[in-house]
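If you count by our numbering, then the sequence shown holds residues 5 to 143, one letter each, in order.
Accuracy of the hints is not assured; some may be wrong.
[As the list claims (entries may be wrong)] Pairs of lysine-lysine residues, derived as DSS-like cross-links and limited to a Cα-Cα distance of at most 30 Å, are as follows: (1) LYS137 <-> LYS118; (2) LYS114 <-> LYS138; (3) LYS48 <-> LYS137; (4) LYS48 <-> LYS118; (5) LYS22 <-> LYS138; (6) LYS48 <-> LYS114; (7) LYS78 <-> LYS89; (8) LYS118 <-> LYS30; (9) LYS59 <-> LYS78.
What the hints contain is simulated information worked out from the structure, not anything from laboratory work.
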Amino acid sequence: MVDYARENLPLEGKLVIKSDGFVYLKVDDGYIHTLFPLLELAKKGFKEPPYFRSKDSPGAHISVFYANENVIPKEVGQTFHFTLKDIVIVHANQYESYAVLQVESPELEKLREKYGLSGQLRRHDYHISLAEKKQFQHR
5 MVDYARENLP
15 LEGKLVIKSD
25 GFVYLKVDDG
35 YIHTLFPLLE
45 LAKKGFKEPP
55 YFRSKDSPGA
65 HISVFYANEN
75 VIPKEVGQTF
85 HFTLKDIVIV
95 HANQYESYAV
105 LQVESPELEK
115 LREKYGLSGQ
125 LRRHDYHISL
135 AEKKQFQHR
């Protein structure tokens, strides 16, 4: 599946900042709309992530700076490149799981370091969230 994405989807995106200060790399929405059905994750209880709810929603993206990091990069609007690594299921806790496409981007690492932060975002790989699964606790 990663090979399919590598051959059919762009390996770059534009840096965007939301009004709340969240900075992300906007990538082709095909990463979610194409890969989600191909992975057949709906059969396992996963849904597309809620990144398309409104016109302000980011769609498919790679998080770069969280709002609480208080960075307004001069590079907004510029193009950054990445390479695809692997698709993995991450268990955030006992109730939430995510299917993510791990990516590597020395360019994004250098950007974060330029603003005095670690190259990685909260010590995690850069990634594109493809699906989420939430199980609600019964009381």
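Hint check results:
no.: 1; hint: LYS137 <-> LYS118; result: 35 Å, violated
no.: 2; hint: LYS114 <-> LYS138; result: 34 Å, violated
no.: 3; hint: LYS48 <-> LYS137; result: 9 Å, holds
no.: 4; hint: LYS48 <-> LYS118; result: 41 Å, violated
no.: 5; hint: LYS22 <-> LYS138; result: 26 Å, holds
no.: 6; hint: LYS48 <-> LYS114; result: 37 Å, violated
no.: 7; hint: LYS78 <-> LYS89; result: 28 Å, holds
no.: 8; hint: LYS118 <-> LYS30; result: 20 Å, holds
no.: 9; hint: LYS59 <-> LYS78; result: 24 Å, holds
Violation of the numbered hints given earlier is confined to hints 1, 2, 4 and 6; the remaining hints are satisfied by the structure.
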